[in-house]
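> With the hints as constraints, model all of the structure from the sequences given.
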Amino acid sequence: MSRAQSLIDEACTVKGNVQVGPGLYIVTLCAPGIARTVQPGQFVHMLVPGMEAHVLRRPFSVYQADAAAGTFDVLYQVVGFGTDVMTRLEPGAVMQAIGPIGTGWQVPEEGGVLLVGGGVGAAPLFMFAQQLAAAGRDVKVVLGAQTKDALVTYDDYCALEGASVVPATDDGSFGHAGFCTAPAQEAIESGSYPNVAVCGPEPLMKIVSRLALDAQCSCQVSLERRMACGIGACLSCVVDTVEGKKRACVDGPVFDASLVVW
Amino acid sequence: MDASVNMAVNLGGLEMKNPVTTASGTFAAGREYDDFFDVSLLGAVTTKGVSLDGWQGNDSPRIAETPAGMLNSIGLQNPGVKALCEGDLTWLATKDVPVIVNVSGHSFEEYAAVIEALEADGRADAYEVNVSCPNVDAGGMTIGTDPASVESVVSLCRSKTRKPLIVKLSPNVTDVAEIARAAVAGGADAVSLINTLLGMAIDARTRTPKLARVVGGLSGPAVKPVALRMVWQVSQAVDVPVLGMGGICTGEDAVEFMLAGATAVAVGTANFVNPCSCAQVIEGIRAYCVEQGVSDVNELVGGLKC
Chain E
563 MSRAQSLIDE ACTVKGNVQV GPGLYIVTLC APGIARTVQP GQFVHMLVPG MEAHVLRRPF
623 SVYQADAAAG TFDVLYQVVG FGTDVMTRLE PGAVMQAIGP IGTGWQVPEE GGVLLVGGGV
683 GAAPLFMFAQ QLAAAGRDVK VVLGAQTKDA LVTYDDYCAL EGASVVPATD DGSFGHAGFC
743 TAPAQEAIES GSYPNVAVCG PEPLMKIVSR LALDAQCSCQ VSLERRMACG IGACLSCVVD
803 TVEGKKRACV DGPVFDASLV VW
Chain H
2 MDASVNMAVN LGGLEMKNPV TTASGTFAAG REYDDFFDVS LLGAVTTKGV SLDGWQGNDS
62 PRIAETPAGM LNSIGLQNPG VKALCEGDLT WLATKDVPVI VNVSGHSFEE YAAVIEALEA
122 DGRADAYEVN VSCPNVDAGG MTIGTDPASV ESVVSLCRSK TRKPLIVKLS PNVTDVAEIA
182 RAAVAGGADA VSLINTLLGM AIDARTRTPK LARVVGGLSG PAVKPVALRM VWQVSQAVDV
242 PVLGMGGICT GEDAVEFMLA GATAVAVGTA NFVNPCSCAQ VIEGIRAYCV EQGVSDVNEL
302 VGGLKC
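Listed in order, the protein sequences are those of chains E and H. Heads up: the first sequence runs through residues 563 to 824, numbered per my numbering. Heads up: the second sequence runs through residues 2 to 307, numbered per my numbering.
It is worth saying that the hints were derived from the structure and are not from the lab. Note that CB positions come from ideal geometry on N, CA and C, so glycine has one too. Honestly, I wouldn't trust all of these hints.
Partial chain E-side listing against chain H, Cβ under 10 Å, derived [claimed, not checked]:
1. Ile570
2. Phe643
3. Ile660
4. Cys799
Derived lysine-lysine pairs resembling DSS-like cross-links, with alpha carbons at most 27 Å apart [said to hold, decoys possible]:
5. Lys211(H) x Lys808(E)
6. Lys768(E) x Lys807(E)
7. Lys807(E) x Lys83(H)
8. Lys211(H) x Lys161(H)
9. Lys808(E) x Lys83(H)
10. Lys768(E) x Lys211(H)
11. Lys83(H) x Lys161(H)
12. Lys768(E) x Lys710(E)
13. Lys807(E) x Lys211(H)
The structure is reproduced here in structure tokens:
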């Protein structure tokens with residue numbers, strides 16, 4: 563069970579922290595150690611300052627990293643006390659982050675790749691899309707959000723050379739009107755994408771992985787669980803799989819969907 | 002490092018180079034923390050509870066954050082004693098650190114069988130008998146809240162080993178001193194406390210419990226005052242050394258436990274917040290001793306003035 567990659571607990575300086583959509587923010591952190599080593603689909607476990615009696619760290623996927631600048635971005639949604647405190651972090655604030663953690667996306671050996679990102683689930687897929695696009699792979703990206711304003715990763719995905727991006731909004735304000743499962747199903751049934759990777763709300767991941775596996779596609783999912791240590795010790799974040807309970811933090815967060823017991 | 006402070010303690014026959022170990026279940030067997038600090042710095046590593054053939058543990062969600070702490074209901078998920086010996090104990094054998102193996106069971110016989118297997122392996126330096134886990138339906142706290150059961154299971158474990166036998170006590174009792182006396186009557190060389198306090202958390206919006214098992218064990222700074230009180234009571238009630246724990250985050254926290262009567266201390270939930278917590282607690286104790294002109298850390302034990 564040796565890890566190829568060492569973990570570090572790095573002091574990260576906030577470079578920017580901007581609202582990009584409804585309840586959606588991007589924090590840019592200067593942390594060269596993590597920025598230079600993070601792989602697509604990995605995450606960081608952050609100790610947010612000013613959390614008073616909230617003692618635990620919070621796990622966040624890395625949206626994108628700039629190795630040259632030594633920075634990485636986290637796209638986060640305000641869902642509770644911790645993320646609310648995060649919105650008030652000013653440039654210059656310092657927080658600790660353990661990273662880069664976990665087993666990320668695996669590049670499929672051959673064939674086109676369909677990426678399905680629901681809500682902030684689009685964030686952990688972006689570095690994977692970059693990696694695939696750079697390798698000249700055929701990439702299709704289906705992005706779902708509640709509204710056009712919440713489709714905050716759309717422009718970044720569109721800027722990737724060779725990636726075709728299909729937006730979907732629940733309210734029909736942009737792109738396909740309705741859940742992103744419909745365009746995802748269409749892409750899977752086209753037969754052009756024998757590989758699927760999905761991240762988003764668990765019902766979305768369950769539906770898309772079922773569609774993909776039924777169509778004989780490979781499918782990876784990035785799972786989220788409540789987490790304490792984030793490094794594999796505490797067994798808080800376990801996921802049920804056909805091979806028994808696995809830790810979302812280090813055995814995942816990316817799992818082969820065919821192994822997951824939903 | 003100030004070599005002028007003697008940091009070594011003896012916990013019921015277990016020689017520790019400093020008073021700090023890990024609270025079982027918060028540190029696995031240390032491998033996950035190896036990137037952050039050398040576990041050989043510890044006075045001892047206390048491993049995650051192990052049963053005879055392994056357990057799957059409870060359903061998710063298994064944790065919930067609560068004010069100044071957290072609830073867990075992991076349920077002693079473990080791969081069994083054979084896997085512990087093959088994996089973790091083999092890794093720990095490459096480190097210069099004593100190993101306390103936390104022993105769990107669903108029955109008295111299972112505790113005994115786990116110790117027999119570990120005796121055959123030979124690499125455990127001491128045992129911590131877990132009669133206090135609140136997250137299992139059989140064994141654990143169901144034993145540790147009844148003095149007669151505690152004495153019986155400890156006696157049975159005692160008959161299987163001559164190594165230091167530590168009994169981990171539950172705070173979920175009316176009189177913890179009575180349970181401690183039962184453990185000593187059964188042959189315990191030391192007692193450790195506190196395990197987690199039984200608690201629960203509710204999501205008002207969804208009207209559902211935050212843990213799949215509904216109830217779980219509370220740990221973290223929130224429990225420290227309860228833990229200090231119980232360590233103080235138990236250290237006055239029994240003659241064996243006490244391993245104190247409950248919300249320790251800093252060297253000063255650890256010193257408070259020693260002043261209350263603990264010979265050694267364990268760091269638990271703090272490992273989740275700062276993976277270097279144990280190393281910092283060791284240095285914090287040393288720094289306190291230097292500042293206070295204490296040449297031997299044992300002088301702190303039971304040094305409370307009241």
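> Any hints from earlier that this structure breaks? Give me their numbers in increasing order, please.
Hint 8 alone not satisfied by this model.
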